[in-house]
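K.L.:
So the sequence lines, in the order shown, correspond to chains B and H. Note that our numbering has the first sequence beginning at 1, numbered continuously upward. Note that our numbering has the second sequence beginning at 1, numbered continuously upward.
These aren't lab readings, by the way, just hints derived from the structure by calculation. Source: prediction; values computed, not measured. Be aware that one or more of the hints could be misleading.
Said to hold, decoys possible - In silico SDA-like pairs for lysine to any residue, Cα to Cα no more than 25 Å straight-line:
#1 K48(H) x W206(B)
#2 K106(H) x A89(H)
#3 K106(H) x G234(B)
#4 K122(H) x R238(B)
#5 K168(H) x L212(H)
#6 K48(H) x K122(H)
#7 K106(H) x W206(B)
#8 K106(H) x E173(B)
#9 K168(H) x T245(H)
#10 K48(H) x I231(B)
#11 K168(H) x R213(B)
#12 K168(H) x G246(H)
#13 K106(H) x R213(B)
#14 K168(H) x R238(B)
#15 K106(H) x W36(B)
#16 K48(H) x G208(B)
#17 K168(H) x V145(H)
#18 K168(H) x G180(H)
#19 K48(H) x C207(B)
#20 K168(H) x G65(H)
#21 K122(H) x C207(B)
#22 K168(H) x E182(H)
Each chain is listed here by its residues.
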Amino acid sequence: MRTVANAERKTDSGPAARGPLGGLLDWSQALVRDLWIGGVLVALIIGFSIGSPYFLTRANWLNTSSTATEVLLLAVGETFVICSAGIDLSVGAVLGFAGTAGAWVMATAFPGASGAAVGPITVGFAAAIAAGAAFGLVNGLLVAFAGIPPFVVTLGTLGIATGFGYLLNNGQEISAIPSSVATFGNTNLGGWLPVPVLITAVITIWCGLLLARTRFGAYALSIGDSREAVIRAGINYRRYLVRIYTLSGLLAGVAAVLVMARLGAGSPDSGTTDNLNAIAAVVIGGASLFGGRGTITGSVIGTGIIAVMLTGLVLVNVPPFWQEVAVGAILIAAVYIDQLRHRKASSR
Amino acid sequence: MSPRLAVRDLAKHYGGVQALRGVTLHVDGGEVLGLVGDNGAGKSTLLKILSGAMFPSAGQVLLDGHPAHFGSPASARDAGVATVYQDLALAGQRDVVANFFLGREKLSANWLARRIGWLDGKAMAAHTVAELERLRTRIPDVHQVSRDLSGGQRQALAIARAVAWTSKVLLLDEPTSALGVEQQRQVLDLIRRVRDQGIAVLLVSHQMPDVLAVCDRAVVLRLGVVAATLSGGDLNSENLIGYITGALAGGAP
């Protein structure tokens with residue numbers, strides 16, 4: 001008799017007795033849940049530090065963190081989408097298109113703008129972010145109102161965004177942009193904190209709170225958990241789906257700005273590998289592809305694993321192509337272990 | 001005084017099929033009315049109309065004597081008629097508080113927090129605990145995900161949630177069908193406590209013992225009409241089964 005056992009086990013910690021200690025308990029349980037995948041990240045860091053004297057250096061930190069920003073921004077948006085039982089396959093392509101579009105606006109509307117032209121740079125950045133958000137909006141509208149499965153919608157917009165990116169300059173990158181864009185993207189505060197990393201960190205923390213502590217996040221999770229329950233509760237779930245996909249596109253636009261600032265150019269190819277990495281990061285981080293479960297903390301750890309593999313394997317002289325193999329293997333292992341744990345939990 | 005919920009000459013047909021052919025019944029506040037009948041008798045159709053999920057072809061629904069027109073489940077709920085369906089509509093991976101407040105979340109008071117949609121988690125948890133205690137339901141940890149609750153606890157959560165946001169009528173669709181004996185008893189106790197708060201309860205059930213245990217009166221539907229309304233000594237197994245199967249016929253005995 002499961003119920004009786006449950007009731008007995010929990011009588012001493014009734015709802016009224018739930019003080020700060022109860023909150024701490026929740027927090028530590030969540031921590032233990034995330035711990036094993038965080039442990040994988042720590043083990044990788046320790047392993048690579050032993051394997052290469054160059055791993056725990058400033059240069060490698062700057063390299064790893066810059067690589068991670070793009071994937072992380074996409075993964076953060078993707079977390080909301082996956083929590084809502086959707087998928088956004090388009091984010092990488094949207095990143096490429098948005099960056100190219102931003103550079104195209106700067107190069108076309110302000111040809112020969114001076115290096116530090118604040119106006120053109122602002123307009124170019126805004127154009128990139130708007131281009132990303134626009135694709136997200138289209139994804140959201142099609143998923144929410146046309147009822148087309150997210151996989152199909154975003155596979156379609158993946159193709160459309162890729163094509164648009166190439167059409168802007170015949171498939172070439174656009175580098176005729178003010179030089180201070182690259183200065184902005186390669187500034188390190190105190191030598192250790194690249195500006196793109198700082199921006200990404202602020203956005204990530206904000207989105208972590210958005211998912212865990214606001215109504216928007218609660219609805220993203222509930223829509224993914226049981227759309228029927230959300231509809232019965234009288235929630236306009238379509239409106240929230242549109243916002244969720246728009247957020248994902250918007251963050252792809254922000255990632256595009258940071259990539260453009262790092263490279264000093266807008267390249268249509270810049271997001272092609274980030275796409276699956278972002279999805280892998282979210283799933284490695286413990287989000288359920290069936291929706292209803294996921295955290296930004298998990299996605300940060302997942303991104304960390306992917307970024308550390310990417311730079312670490314190079315430093316220990318493993319051909320970098322093995323990184324993709326390793327990420328694929330970790331992805332499958334993470335989902336398998338997660339399933340085992342949940343099977344155990346539900347048969348308790 | 002007019003009854004809390006009344007139905008007059010309610011009819012519904014889908015194409016050529018007559019699901020309801022003029023049903024008249026009423027439920028008072030503080031009363032549990034059982035609604036029984038064989039499959040196809042019209043129970044589900046009646047429930048859907050009362051919960052706002054379906055329009056009647058003819059007839060009237062009256063709430064406290066005033067004609068009510070429910071355009072949607074939300075409008076029925078806002079008018080004070082809450083429904084707990086068989087599937088309960090809980091989000092399994094969300095905790096008790098999130099389910100309790102789903103669609104009615106409490107936001108923190110200050111202006112910025114309201115703009116952002118910042119949840120007042122403490123107040124929501126405290127309110128959930130208070131409401132569950134008021135109905136004396138046994139859910140010790142409101143931060144448990146609803147999937148980890150027992151079937152009876154889930155039913156209790158769904159009923160408590162419905163009752164917390166309604167003041168007038170509670171419609172229950174087979175609330176005990178998937179439960180063990182002890183949990184059935186707990187849910188029936190809960191229904192009595194809801195009734196004691198002056199809410200009118202309409203209980204749709206196939207479980208005759210439940211109907212006998214908790215209902216003040218029972219309406220038997222057969223082929224879209226009221227075959228009998230049973231109460232007091234007439235509310236017994238033989239009569240219920242007799243009118244459900246058609247072995248007994250005619251108006252009230």
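K.L.:
Hint by hint, say whether it matches the structure.
P.N.:
Here's how the hints hold up against the structure:
{"no.": "1", "hint": "K48(H) x W206(B)", "result": "violated (43 Å)"}
{"no.": "2", "hint": "K106(H) x A89(H)", "result": "holds (20 Å)"}
{"no.": "3", "hint": "K106(H) x G234(B)", "result": "holds (15 Å)"}
{"no.": "4", "hint": "K122(H) x R238(B)", "result": "violated (28 Å)"}
{"no.": "5", "hint": "K168(H) x L212(H)", "result": "holds (23 Å)"}
{"no.": "6", "hint": "K48(H) x K122(H)", "result": "violated (36 Å)"}
{"no.": "7", "hint": "K106(H) x W206(B)", "result": "holds (20 Å)"}
{"no.": "8", "hint": "K106(H) x E173(B)", "result": "violated (49 Å)"}
{"no.": "9", "hint": "K168(H) x T245(H)", "result": "violated (32 Å)"}
{"no.": "10", "hint": "K48(H) x I231(B)", "result": "holds (16 Å)"}
{"no.": "11", "hint": "K168(H) x R213(B)", "result": "violated (33 Å)"}
{"no.": "12", "hint": "K168(H) x G246(H)", "result": "violated (33 Å)"}
{"no.": "13", "hint": "K106(H) x R213(B)", "result": "holds (12 Å)"}
{"no.": "14", "hint": "K168(H) x R238(B)", "result": "violated (30 Å)"}
{"no.": "15", "hint": "K106(H) x W36(B)", "result": "violated (34 Å)"}
{"no.": "16", "hint": "K48(H) x G208(B)", "result": "violated (40 Å)"}
{"no.": "17", "hint": "K168(H) x V145(H)", "result": "violated (29 Å)"}
{"no.": "18", "hint": "K168(H) x G180(H)", "result": "violated (29 Å)"}
{"no.": "19", "hint": "K48(H) x C207(B)", "result": "violated (40 Å)"}
{"no.": "20", "hint": "K168(H) x G65(H)", "result": "holds (13 Å)"}
{"no.": "21", "hint": "K122(H) x C207(B)", "result": "holds (21 Å)"}
{"no.": "22", "hint": "K168(H) x E182(H)", "result": "violated (28 Å)"}
Figure legend: structure checked against the earlier numbered hints; hints not met, in rising order: 1, 4, 6, 8, 9, 11, 12, 14, 15, 16, 17, 18, 19, 22.
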